[in-house]
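A.B. asks: This is what each chain is made of:
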Amino acid sequence: MTRLVDIRLGRGARLLLGALPIVALLFVYLLASEARHLDNPSDKVLPTFEAMAQAIRGFTTDRDPSTDRIILVADTLASLYRLGIGLAIATATALVLGLLLGVMPLARAILGPMVAVIAVIPPVAVLPILFIVLGLDEASKIALIAIGIAPFMTRDLTSFVATLPVEQSVKAQTLGANSWQLSIRVALPQLMPRLIEALRLSMGPAWVFLIASEAVASDVGLGYRIFLVRRYFAMDIILPYVAWISLLAIAADALLLFVSRRGFPWAHGAGR
Amino acid sequence: MSPLLEMRNIWVEYGDKIVLERVSLEIAERSFVAVVGPSGAGKSSFLRLILGQEAPSRGQVLLDGRTMRAECGPDRGVVFQRYSVFPHLTALRNVMFGIECAQAPFAARLFGAQRRAARETAVGMLAAVGLEHSLDVYPAQMSGGMQQRLAIAQALVKHPRILLLDEPFGALDPGIRLDMHALITRLWQERGLTIVMVTHDIGEAFKLGTRVLAFDKRRHDPHAPHRFGATTTYDLPLDRKTLPPQALVDALGVGDLPRPDLLRRPFA
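Residue numbers (our numbering), protein chains in the order written: chain E, 1 to 272; chain H, 1 to 268.
FYI, nobody ran anything at the bench for these hints, they're computed from the structure.
Warning: the hint list may mix true and false statements.
[Unchecked claim] Example chain E residues on the side facing chain H (calculated, C-beta under 7 Å, incomplete):
(1) Lys171
(2) Thr174
(3) Leu175
(4) Gly176
(5) Ile184
[Said to hold, decoys possible] Among chain H residues calculated to face chain E with C-beta under 10 Å, some are:
(6) Gly73
(7) Phe80
(8) Gln81
(9) Phe86
(10) Pro87
(11) Ile99
(12) Ala108
(13) Arg109
(14) Ala140
For glycine and all other residues, C-beta sits at the position ideal for the given N, C-alpha and C.
Assemble the whole structure, with the sequences as input and the hints as a guide.
C.D. replies: Structure representation (structure tokens):
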């Protein structure tokens with residue numbers, strides 16, 4: 001008999017099996033919601049799908065009074081703006097520092113300890129400092145995301161570059177490369193797929209920092225909305241919002257993977 | 001003729017561990033020096049000295065009569081057993097890399113006519129190692145033998161004074177290894193190269209080399225084995241009929257001896 005560990009599946013079977021637990025989860029929710037509503041028809045903790053659909057219709061048609069945009073659109077744009085700028089700053093910082101520290105032992109000796117110290121500070125603990133220094137506007141939220149993930153990415157990229165085979169560095173030098181050429185032609189291109197990988201891993205924490213900062217002080221944004229309607233036990237809004245956030249996260253991850261496969265085929269098992 | 005490379009009383013020490021001691025030798029232009037020795041006898045240190053990756057703790061290395069700086073440079077090419085080619089570049093770009101570094105110090109990339117010229121040179125070099133049909137292939141898609149061919153092309157495009165080979169064929173299948181032997185012999189003769197090759201395979205050393213250097217420890221202190229370094233125990237100029245001395249064979253403990261038919265170098 002085929003051993004369990006040797007069972008390989010086709011694409012269709014894999015999709016079907018992967019959907020099973022999700023469908024089961026939804027079914028369990030349906031049953032639980034039904035049961036609670038039998039008990040108490042005005043239950044708010046596990047809203048029915050009809051109630052959620054109604055809520056979705058609400059926040060996809062009603063307009064936010066301050067921006068005059070549809071609520072979901074306003075929230076999504078505000079959040080993605082903060083997330084995007086924060087990630088961009090973190091990525092650029094990590095790229096430059098990671099390359100510098102990885103290629104040059106001298107730079108690693110000078111800046112390495114500082115990066116290590118910053119990396120162990122819990123970012124949310126410095127959120128009050130950011131609010132005090134940068135005010136309650138966008139800057140502090142963006143800064144939290146950037147400060148939260150840049151040190152991790154920097155350390156990851158540094159160690160990646162530092163562990164590139166020494167043979168490559170020697171070979172490049174025998175081919176006449178100077179430090180600059182070695183950095184941009186040998187280290188940098190090999191760093192890029194790893195940078196995207198680190199960015200994908202950082203997306204989770206980045207969302208955490210975004211929601212946290214929006215929950216504390218904001219007037220628009222996905223995290224703001226969730227924490228606002230929490231006061232009214234509006235689970236029918238919170239649950240679709242959470243689903244929407246995870247959908248955005250999955251889309252961002254798929255996009256990054258696509259960019260990496262397209263841009264750096266050699267890093268994904270040969271294929272041109 | 002003055003020697004291409006000269007070593008004067010070289011010592012290599014790491015702390016109180018002595019790796020090489022009292023190595024003095026000269027390497028003539030156009031020679032093919034094969035370096036053999038048991039593991040830990042300083043073969044690789046010897047290679048790193050010539051490469052400039054490492055500085056001797058005592059003594060002098062002279063290249064073309066001038067003291068050599070302990071830094072890698074384009075006058076010494078190298079092919080390692082692994083990681084010799086850049087995985088993110090196609091075969092063609094791997095070979096063009098050396099030309100681009102010399103001609104474009106800041107961008108490290110060429111454009112227009114310069115690029116076409118570099119491409120042409122690189123294609124010619126790839127053809128010389130038999131890779132003219134694999135220009136746009138990434139190293140990960142190549143076999144081990146093809147990768148080593150590429151590594152040789154990549155090094156030769158800089159016209160190095162010395163080509164260093166660090167067990168270049170050690171990871172290859174026996175059949176492929178014979179092809180590579182023919183290739184390196186042909187390149188060595190056609191282009192008048194000077195080659196220093198470190199190998200574990202004594203048969204390979206006696207087949208390819210015009211001279212075989214054996215490294216080993218002359219003295220041995222059982223209580224402090226690290227206090228004596230290795231040095232050249234054999235320095236054999238070869239002609240076709242030289243067979244490895246029995247003592248060297250015993251010291252290396254290698255089974256596959258060169259067969260007389262292997263000693264016939266096809267291009268010699």
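A.B. asks: For every hint, state whether the structure bears it out.
C.D. replies: Status of the hints after comparison with the structure:
1. With its C-beta approaching chain H no nearer than about 6 Å, lysine 171(E) sits inside the 7 Å limit, and its interface hint holds.
2. For threonine 174(E), the interface hint holds, since its Cβ comes within 7 Å of a Cβ in chain H; the closest pair sits about 5 Å apart.
3. Because the beta carbon of leucine 175(E) sits about 4 Å from the nearest beta carbon in chain H, less than 7 Å, this interface hint is met.
4. With a least beta-carbon distance of about 4 Å to chain H, the hint placing glycine 176(E) at the interface is held under the 7 Å criterion.
5. For isoleucine 184(E), the suggested interface contact is upheld, since its CB lies about 6 Å from the closest CB of chain H, less than 7 Å.
6. Interface hint at glycine 73(H): satisfied, since its Cβ lies 7 Å from the closest Cβ of chain E, which is below the 10 Å cut-off.
7. Here the hint on phenylalanine 80(H) is kept, as its CB sits about 5 Å from the closest CB of chain E, short of 10 Å.
8. Annotation: interface hint on glutamine 81(H) holds; nearest CB of chain E at approximately 9 Å, less than 10 Å.
9. At a threshold of 10 Å, the smallest CB-CB gap from phenylalanine 86(H) to chain E is about 6 Å, leaving the interface hint in force.
10. This hint holds: proline 87(H) has a C-beta 6 Å from the nearest C-beta of chain E, less than the 10 Å allowed.
11. Look at isoleucine 99(H): its Cβ gets to within about 9 Å of chain E, closer than 10 Å, so that hint holds up.
12. Because the smallest distance between the Cβ of alanine 108(H) and any Cβ of chain E comes to about 4 Å, under 10 Å, the interface hint for this residue holds.
13. Among the interface hints, the one on arginine 109(H) holds; its C-beta lies about 8 Å from the nearest C-beta in chain E, closer than the 10 Å criterion.
14. Satisfaction of the interface hint for alanine 140(H) is found here, the shortest Cβ-Cβ separation to chain E being roughly 4 Å, below the 10 Å cut-off.
In summary, the structure agrees with every hint in the numbered list given earlier.
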